[in-house]
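8 protein chains.
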Amino acid sequence: MRPEELKQLFTSVRNGEIGIDDAVKKLKEFSFTDLGHSKIDNHRELRTGYPEVIFCSGKTVDQVRDIVQHMLTGNQNILATRATEKMYTAVKKICDEAKFHALARIISIKRTQQKLTQTTIAVVTAGTSDIPVAEEAAVTAEFFGNRVSRVFDVGVAGIHRLYNKLPEIRNARVIVVVAGMEGALPSIVGGLVDKPVIAVPTSVGYGASFNGLSALLGMLTSCASGVSVVNIDNGFGAGYMAGMINKL
Amino acid sequence: MRPEELKQLFTSVRNGEIGIDDAVKKLKEFSFTDLGHSKIDNHRELRTGYPEVIFCSGKTVDQVRDIVQHMLTGNQNILATRATEKMYTAVKKICDEAKFHALARIISIKRTQQKLTQTTIAVVTAGTSDIPVAEEAAVTAEFFGNRVSRVFDVGVAGIHRLYNKLPEIRNARVIVVVAGMEGALPSIVGGLVDKPVIAVPTSVGYGASFNGLSALLGMLTSCASGVSVVNIDNGFGAGYMAGMINKL
Amino acid sequence: MRPEELKQLFTSVRNGEIGIDDAVKKLKEFSFTDLGHSKIDNHRELRTGYPEVIFCSGKTVDQVRDIVQHMLTGNQNILATRATEKMYTAVKKICDEAKFHALARIISIKRTQQKLTQTTIAVVTAGTSDIPVAEEAAVTAEFFGNRVSRVFDVGVAGIHRLYNKLPEIRNARVIVVVAGMEGALPSIVGGLVDKPVIAVPTSVGYGASFNGLSALLGMLTSCASGVSVVNIDNGFGAGYMAGMINKL
Amino acid sequence: MRPEELKQLFTSVRNGEIGIDDAVKKLKEFSFTDLGHSKIDNHRELRTGYPEVIFCSGKTVDQVRDIVQHMLTGNQNILATRATEKMYTAVKKICDEAKFHALARIISIKRTQQKLTQTTIAVVTAGTSDIPVAEEAAVTAEFFGNRVSRVFDVGVAGIHRLYNKLPEIRNARVIVVVAGMEGALPSIVGGLVDKPVIAVPTSVGYGASFNGLSALLGMLTSCASGVSVVNIDNGFGAGYMAGMINKL
Amino acid sequence: MRPEELKQLFTSVRNGEIGIDDAVKKLKEFSFTDLGHSKIDNHRELRTGYPEVIFCSGKTVDQVRDIVQHMLTGNQNILATRATEKMYTAVKKICDEAKFHALARIISIKRTQQKLTQTTIAVVTAGTSDIPVAEEAAVTAEFFGNRVSRVFDVGVAGIHRLYNKLPEIRNARVIVVVAGMEGALPSIVGGLVDKPVIAVPTSVGYGASFNGLSALLGMLTSCASGVSVVNIDNGFGAGYMAGMINKL
Amino acid sequence: MRPEELKQLFTSVRNGEIGIDDAVKKLKEFSFTDLGHSKIDNHRELRTGYPEVIFCSGKTVDQVRDIVQHMLTGNQNILATRATEKMYTAVKKICDEAKFHALARIISIKRTQQKLTQTTIAVVTAGTSDIPVAEEAAVTAEFFGNRVSRVFDVGVAGIHRLYNKLPEIRNARVIVVVAGMEGALPSIVGGLVDKPVIAVPTSVGYGASFNGLSALLGMLTSCASGVSVVNIDNGFGAGYMAGMINKL
Amino acid sequence: MRPEELKQLFTSVRNGEIGIDDAVKKLKEFSFTDLGHSKIDNHRELRTGYPEVIFCSGKTVDQVRDIVQHMLTGNQNILATRATEKMYTAVKKICDEAKFHALARIISIKRTQQKLTQTTIAVVTAGTSDIPVAEEAAVTAEFFGNRVSRVFDVGVAGIHRLYNKLPEIRNARVIVVVAGMEGALPSIVGGLVDKPVIAVPTSVGYGASFNGLSALLGMLTSCASGVSVVNIDNGFGAGYMAGMINKL
Amino acid sequence: MRPEELKQLFTSVRNGEIGIDDAVKKLKEFSFTDLGHSKIDNHRELRTGYPEVIFCSGKTVDQVRDIVQHMLTGNQNILATRATEKMYTAVKKICDEAKFHALARIISIKRTQQKLTQTTIAVVTAGTSDIPVAEEAAVTAEFFGNRVSRVFDVGVAGIHRLYNKLPEIRNARVIVVVAGMEGALPSIVGGLVDKPVIAVPTSVGYGASFNGLSALLGMLTSCASGVSVVNIDNGFGAGYMAGMINKL
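Chains as they are written, first to last, in this note's numbering: chain A, 1 to 248; chain B, 1001 to 1248; chain C, 2001 to 2248; chain D, 3001 to 3248; chain E, 4001 to 4248; chain F, 5001 to 5248; chain G, 6001 to 6248; chain H, 7001 to 7248.
Treat the hints loosely; a few may be bogus.
As the list claims (entries may be wrong) - Each computed DSS-like pair below joins lysine-lysine, with the alpha-carbon atoms no more than 27 angstroms apart:
no. : chain 1 : residue 1 : chain 2 : residue 2
1   : C       : 2165      : D       : 3247
2   : E       : 4247      : G       : 6165
3   : D       : 3093      : C       : 2007
4   : F       : 5247      : H       : 7165
5   : F       : 5110      : F       : 5099
What the hints assert, rightly or not - Some, not all, of what chain C presents toward chain G, calculated at C-beta under 10 angstroms:
no. : residue
6   : 2007
7   : 2009
8   : 2011
9   : 2013
10  : 2014
11  : 2020
12  : 2145
13  : 2163
14  : 2167
Simulated from the structure, these hints should not be mistaken for laboratory data. No experiment lies behind these values; they were computed from the predicted model shown. Just so it is clear, CB atoms sit at the ideal spot from N, CA and C, and this is done for glycine as well.
All chains should be modelled from the sequences, with the hints used to inform the complete structure.
Encoded structure:
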C-alpha cells in the first residue's frame, strides 16, 4: 500500500467515511485466501502485475485442484506449471476450458482474452532435447499475451543454422536461449544481437554436465554482455521474465 | 550483415559500382583491428548497439593503454572495467578526459554526450559491503545513458528499511538487486514489484557462503518470478543488461 | 554418572551396603538392551531427558518391530520417524495404541499422558510442498508435550501472507521455519521476532537447488541473528530442538 | 506494528489527538537512520529485543566509525564483530569506553550495565585452535548479559577430558560447542546432556576439511538430537542464539 | 619376478636346461587367462598373497559365472562381492559348494580349509543400518582366515554402549569401524585404543550426508591418530586390509 | 565458405552467370533441412569431413526415425548413438540395412563401403564393466573406416596383463583408454607409448567415484604427457577423435 | 579403565587400603593437565600406546612452547608437527635436545632412546614435490622407533623406476605411498605387493587437482585391494598408522 | 623391452656373448639416474619418443638446476615448464644456451637442431588473458619441432574475428584452443573444422568460473565432435599432445 493510499485511508477514517474496524480489515483485504495447505495470493496481480501461478511440483493432485477451484471464483486466467496428466484430468473435471500443453507440462485456463503484443519474444534452443523447457517458456509467455517465435535446434556444433535464423531472432524484442551440455549458445547469440538475452540452462547432457551444472556455469560466466540466467530447466521463469520485459 | 545488405552488395557488384576485391574487403571492413595481443571489435556497436568494453582483469597496464589508444582514434565513448589505479594513471596520460570511478573500479571516457533516459534503473544493495559491486552496475548503466537511483543497505534482516524505499524502487523501470550471504533480497523485491529484477550475487560473506556460491544458488532458485541472475560480483553485466532493458 | 553419585556408590561399597559385583553391575545397569542388530539405549532418558527415538530409515520392518517390542516392556512413550506404512502395520499388530501420522511418516505410541506446555512452538513453512517436513517437526514437538501452532505457505514471494500471521508467530516461544528453494524465509522471520528460530532446509526445488543445498547454504549464511540450522528435511531434529528449548 | 497498535493509532487520528501527517510519520519513526552507505536499524531492539550489531567485515574503517558515532547518540550498548585493530583505534578516539577483545575480534561499548543471568552458557571447544571462534561466542553472549563458562580443548581424541568437565557443561542452560576438522564433539556432547546444543564448525584443519566443510557436514548430519548448527566460524551467531535461549 | 628368479632363469637358459621359447613363455605363464571380456589374474596370489576377487557390480550374470567357472579349474577359494541373488543362483548351478551371504552380498566358495588366526579383527558399527557394509567386511576377513568379532550399533549418540564393549574391541589386533552420517565413531575409537583403525564411511544418512560424503570427510579429517579410511560402503576393502594387517 | 569461393561467386554474379537471388540462395544451400524439432546439418560433412551423427538421448523414437528418414534421402552412411532397442525397431522398419550394436547402444546404416585404414586404433579398458563405453568408441571408429584393436580388462590392479598386451597397443597409431574408479590406466599407458592417448573416464565405481568424477579428475591431472580427455562415458567422442587423428 | 582395574579399586576401597576421596581422585589422575588454552592428555600413552603429539598449526608460538614446557616435566619423548622455524627457536631455548626437521616441519625431542624395529616401513613418493609430506611420514615413523626406507620419485609416468625399486619396497612390512595429481601410484604398488599400503594424497598439482581432491578420490576408489587412505598432505597420520602396524 | 629384444637377449646369453650379470644389468640400463630427490627417466625418449620434461612447480631452484646439470651430460634438448625467473638465472649459469620464454614460463635448451614440420599447429585463444597458457602450448610445440601459427583473441563475443581467421586455422593439422570463462570457443571451432581440436580451459574469469571449472566442464560437455580436453591451464600438455599428433 503506497503512502498516498495510506493518507487517503486515514483521511476517510477521520471523516468518518469508514469505520475503524473496516479500516483495519481494508488493510488486510485483497490479501490472500487460506486453504489450509496453501494461501492463495490474491494480492499478487495488484503488486506485480501478474496473477499467482501454481507450481504443481510437490503438490498433490487434490491440492492443485483445490487451488484451481478457488481461483476460478475470481475471473482470472490460471496457469499451472510442472503439471502431470493426472492433475490435468482432475482440473478438467471442474473447468472445461482447461487446456493441457503436454510437452510444456502446463495447464492453462484462459477466461479473458488478452490482446497480443506487437513485438515478439524469440525462444531459441540449441538442440532437440531442449524443446520441452523451451515450450514451457513459450507457452508461459503466450499465456501472458506475448507473441512468440520458436527457433529450435540451432546449437553451436552447426552454427550456420543459427546464422540462417538470425534475422528472425534479431527481429524479437527479447530473446530466450535454451541450451544444455556446454550451454554456449547464449554467448554466441548475445554477441550477435542488440536485445536482452535470457539464458536457460537445461539438464540435457550426461557425465560432466552434472545435471545442468556445466550449462549453468557456462552461461553465468558468458563473455557476452546482455545475458542473464535463470535456474536449470526453468522455462517458466524465462518466459515470465521475457514477457515482463517485452511488455515494458 | 543482413540479407538486404548482402543483396545490395551483390547489386553494386553487378552494376560495376564496386570492384570484386573491394566487395570482398567490404565484407571484412568495420570488422576489427588487430593489436597482436588483442583484436578490437569495431563491429560490435553495429551488431549489438553497444561499443566494445575493455575487461581489464588479466590484462597488463600496457595492453589496456594500447587498446584505449586505438579506440581513441574513433570518436566513441570508452568504458574499462576491473581497472586498477595504475591502469588509470597510464590511460590518463594519453587521454585527459579519462575519469576513474575508484569504488566501481571503472575508467570511463565520455566524448559524445548522450541524453539521459527519462526512466530510471534502481540499484539496490542488501548491505554496505555490497556497494562496490553495485557501483560497478550503476556507473555502467549511467555510462550508457541511463538514469540511476541508488538504494543501499536495505537487506532482509531489517526489512522495514526496504519497505520505506519501495516507492522509489517501484518507480524504476528495471531493478538491479545486489546481495551476498544468503542472497534473499531479490526474492523479496521480486515479490513486491511489477518490473524485471536483475539479481547480482556478491562474494560478501564467509564460511558456507563459499565466495558467493550461497547467494548465487539462492538467487537462481528464487521462488519469486521475474528474477534473472548474472555472475557473482558481475556488477557490469547487471548494469549493462538493465540499461539494455531500460532503453527498449 | 556424576561425581557425587560415584562417591555415594563407593561409600555404599565400603559400608558393605552393596557387594562388589553388584557395584560393578550397577555401573552398567540402566545402560542398554542388546537385540543383536540394535542396542537400545535405556539410559538415554536419564542422560538427556528424552527417551530413545527409532530412526526407521535403513532398518527392516522386522528390526523396527523388534525394537518397539522391547521398548514396550518399559512403560515409556515411543516415537518412530521415517516410518513406512508397512512398518506401521507390523507395529500395530503388537501394540494397538500405535498411531500413524502419514504425512509426517511417524509412528507414535503414547502410554503416559503429558501435560501440554503453556507456551507454543510455531511451525512455519514457505510453501505447500514443505508441509511433510513441517509435520514431522510438529508431530515430534507435540509428542514431547509441546503446544504447536502451524502456519503454512507464507513464503517470501507473497510476503504479506507472513505479515498477516506475524502476531501468531510472535506469540510462540520458539519458531521452526521450514523452506526449500532459496530458503530465505528464516532470514525474514529472524529479522522480525525476538525468539530463537530453528531453520529447516528442505529438498523441495529443482535444478540449482541441488536437493536442498541452496536452501541449506542460504540458511547458514543468513544475515539475521538468532537463527540456527538442522539437516536438510530434518523435521524431527527441528521439532526435538524446539521442544527442548520450549521446555527450558 | 501489531494490530492493536494500529487500531490505537487510527483511534487517535479520529479523535484528532494526532494529525494525519504525524500519523504517517509515526509509522516511519523509530525506523532507521540513513548514513548513505548504511541504514542503521533503530527499530531492531523493539522488533527482536536486541540492538543492531555492526558486522565490520567488508566495511571501511570510516564506515565503522560513522556507524558507531551515530549509535552513540542513543544510549545503547554497541557491539562490533570481525573488527580490526585499526577500527578499534578509530572508534576509541570517539568513545573512550570502547573495549577491544583482540582474540574475539570484537569491539564492545557498554553504557548501561545489565544484570547477569543466573543461568550459564557453556562454551566448549574441541581444540586450542578453535578458541578465537569460541571467544567470539563467549564475548557476544556476555555482552548481552549472559553468564558464560569456558571449557576449552576437550576434543574427542582424548575424550576423558570431556568427561571430566561434564558436570560443568551439564550445569549450563545452553551449550555452544565449537570444533573444526571432523566436528564430532557436538554429537558426543549432544548425546550426554539434556540441554540444547548450538554447534559451530570452524575452518580449523587442512586437506579434506575444505575450510570447515567437513566439520559443517558432520554437525548437520549428527546422529545426536538437540543439536543445531550455525555458519562456519560464526561464533557471534552461536553466542547470540545461545543468549536468546538462555534468557527465555 | 624378483631379480634372483630372473638370474635363475638366465642360468637355466645358459645351461640349456630350458629352451629359449620356453623361457619367454615362462615369463608369461602364471600370468592370466583371457576370457575375452575379462582377463583373470592368476598371478595375483603369487604377487600379493591373495587370489583375485570378483567384483560383480557392472558385470552380467554370465560374465560372473564364466569367471567362476574358469577359477574352479584351479583349486583356489573364490570370493565374489556385490553379488546379486541371480548371480548366486547361476554360480550355484556350476558349483554346489557356493554359499551366499545375503546381507553382505557375497558369494564364497571354500575348497581348501584355512586355519583361523589366533588374533581377532573387531568389526564395529555406529548404527543398525551400517550392518550390511560391516558384514561385507566381516565375511571378507573370515574368508581369508581371520577370526572376527562383531560389535554393532554402538554409535556416539549413546556412547556408553561403546564403553561397555571396549574390552572386546581392545582385545582385537585391528579394528574396522563402520559409520554413516557424521562418521564420528572412528575418531572416538581411535582415541581409546592402541590398535590400527580402518574406517569405513557408509552412505547411510540423508540430506547433508550427501551419500556418504559427510562421513568420508569426517573420517579423513579425524583428529585421532592411527585411523585410515577406505571408500564409501567399501566393506570388502576394509575387511581385506584388516586381514592383511592381522596376518602380518 | 572460403574467400576463393566467395570471389568465384562474385565473379559469376558479375558475369551474369548466376542471378542475384540465386546467389543469395546459393549461400544458404548445402546448409540444413528443417524438420521443425530438428535442423539436419547437411553442410557438416563439407565443413568437418564427417556427416552429422544422431545423438538419440533426449529425443523421442519418432524424432529419431524422422531424422533417419530424411538422411536416407541422401546417400550417406548414418550413425545414431545412445539408441534404445525401440528406436532400432522403428528405424529398421524404414531401412533394412540398419544394424544394432546392442552393447555400444549404436544404430549404424552403411550404404557406401569405405576402405579400412592400414593403421589401427587400440581401444583399451581397465575392467570388464568399462566394455560398453569402449564398444561405443570402437564401433564409432569402425563406422568411420578405422581398423580397431580391442584390449579389454588390463587395469592397474594386475598390471602384468597390460604389459603382455603392450606390443599390440604400441602397434596402434592412436590409443583410446577407457577406465572408471581411479582412472589410472591412461597415465600408465601414456608413460609407455609414443602415441597420442585419448582417455575416457567411465561412471563405473561407487562411493567416492561420484559417478565418474574421480576417474575424470584423475585423467585430467595425469602426470603422463600425450593424454587428453573426453566427457565421462563419452565413448563416441573418443572413437570419433581417435578416428580423426588416425586418418590424418 | 578396564573392569578388572575397577574391581581392584573397589576392593581396595572396601579393604580401607585407599580412602574414598583418593579413589575418586585416582580415577582422574593420569588424566590431563590443564594449561587453560590446552589440556595435555597425559593419559594418552596408557590408552593408545603413544604419547600425545603437538599439532602446531593454528597454535601460537607461546602456546606451543607452554605445552612443550609442561611435557618436559615428564620424561617422555616429544613430537610437534606442522611447526614453524619460529616455534623451533622458542622450543630450543627451553630444551637444548630439540631438533628441527625442516623439510618435514617437525620438532622432535628424544630423551629416552628406543630400539629400532627389525622390520622396515617403505615411504614411497610419486614425484619430487611430494617429498615434504613423505618426510613428515618418515620422521614420524622413525620418532616412534621404526626403521624407514625412502624411495622417492618413482611415479607412474616412468614406471620402470618403480619396478627397479620393487625389491626394496617389497622388503618392507608396511608401505606408505605419497602422491599428488592423479594419485595413481598406490593402485600400482597395491597390485604388486603383499603388504598393507597407506596412501597419502598430496596437494601437489594444479587446475583440476583441486588442492589434492583428485589424488584423494583416486586413492579412495583404487581398484587395488589392501590400500587405505589418510587426509590430504597428512604425512604424520600415515607415518603414525604405518608405525602402529609395523610394531604389531 | 619388446619380446623380440628379450629373445635376442636370451640368445646372446646362451651364446655366451653376454655374461649373466651383464644381462641382468642390461635390463636395468638406459633406465634412470638417481639424484636422491629425483630419478631422471633416461629411458623416456626410447619409450615415448620424447625426452623427459622438467615440471618445475613444487621443486626448489637447486633441484631444478641439479636435474638440468645431469641432463646436460647427455646431448639432449631440455625443456623446463612452470619455471621462475630465479630458476632461469640458476640454469643460465651452468648452460649459456638456456633461453627463457617469460610469458610461457618455460626454460628451453636446444643443442641439436630439429627440422621443422611442414604442417602447422594452430594455437587459438578466446581472449588476451589466455595468452600465457597459449604461449606455453606454442613454445612446447615449437620445442619439439612443430611449426606453430598463433591466433589470439577471437572469442565468441565477437565471433566474426574468428571467421576472419578461419582459413589460417583450417590450414593447420591440429588445433589447440585456449579459453577461460564459459570456454565455448572449442565447441565453435570444432564445428567448423575437419581437424582434431585440443581444448585447454584456463583459470581466467571470476565468480562462477570457479578457477577454470566452468570452462573445463563446458569443454568436456562440448556438443562438437573431435574435441578432447587437458587440465586447466595445461598449455604444456596441449602443445605436447598436438605435436605428437602433428608428427604422426
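How about residue 2020(C): closest beta carbon in chain G under 10 angstroms, or not? The hint holds - residue 2020(C) has a Cβ within 10 angstroms of chain G, the shortest such distance being about 5 angstroms.
Verify the proposed pairing of residue 5247(F) with residue 7165(H), using a straight-line Cα cut of 27 angstroms. Satisfied, since the Cα-Cα distance of roughly 25 angstroms is no more than 27 angstroms.
Residue 2163(C) was flagged as interface toward chain G. Is the shortest Cβ-Cβ separation under 10 angstroms? 45 angstroms, violated
Let's test the interface hint: is any C-beta of chain G closer than 10 angstroms to that of residue 2009(C)? Nearest chain G Cβ about 9 angstroms off; hint holds.
Could you check if residue 2011(C) really has its C-beta closer than 10 angstroms to a C-beta on chain G? Since chain G brings a Cβ to about 6 angstroms from residue 2011(C), closer than 10 angstroms, the hint holds.
For the hint on residue 2145(C), just tell me whether its beta-carbon gets within less than 10 angstroms of chain G. Given a least distance of 37 angstroms, the restraint on residue 2145(C) is violated.
Please verify that hint: residue 2007(C), Cβ, nearest Cβ of chain G, below 10 angstroms or not. 6 angstroms, holds
Given the hinted pair residue 5110(F) and residue 5099(F), is their alpha-carbon gap at most 27 angstroms? Holds - the C-alpha atoms of residue 5099(F) and residue 5110(F) are around 9 angstroms apart, at most 27 angstroms.
With chain G as the partner, please determine if residue 2013(C) meets the hint condition of a C-beta pair closer than 10 angstroms. 6 angstroms, holds
Would the pair residue 2165(C) and residue 3247(D) pass a check requiring their Cα atoms to be no farther apart than 27 angstroms? 25 angstroms, holds
Take the C-alpha atoms of residue 4247(E) and residue 6165(G), compute the straight-line distance between them, and say whether it is at most 27 angstroms. Within the cut-off at roughly 25 angstroms; holds.
Can the hint on residue 2014(C) be confirmed by a CB-to-CB distance to chain G that is less than 10 angstroms? Result: holds, 6 angstroms to nearest chain G Cβ.
Violation of the numbered hints given earlier is confined to hints 3, 12, 13 and 14; the remaining hints are satisfied by the structure.
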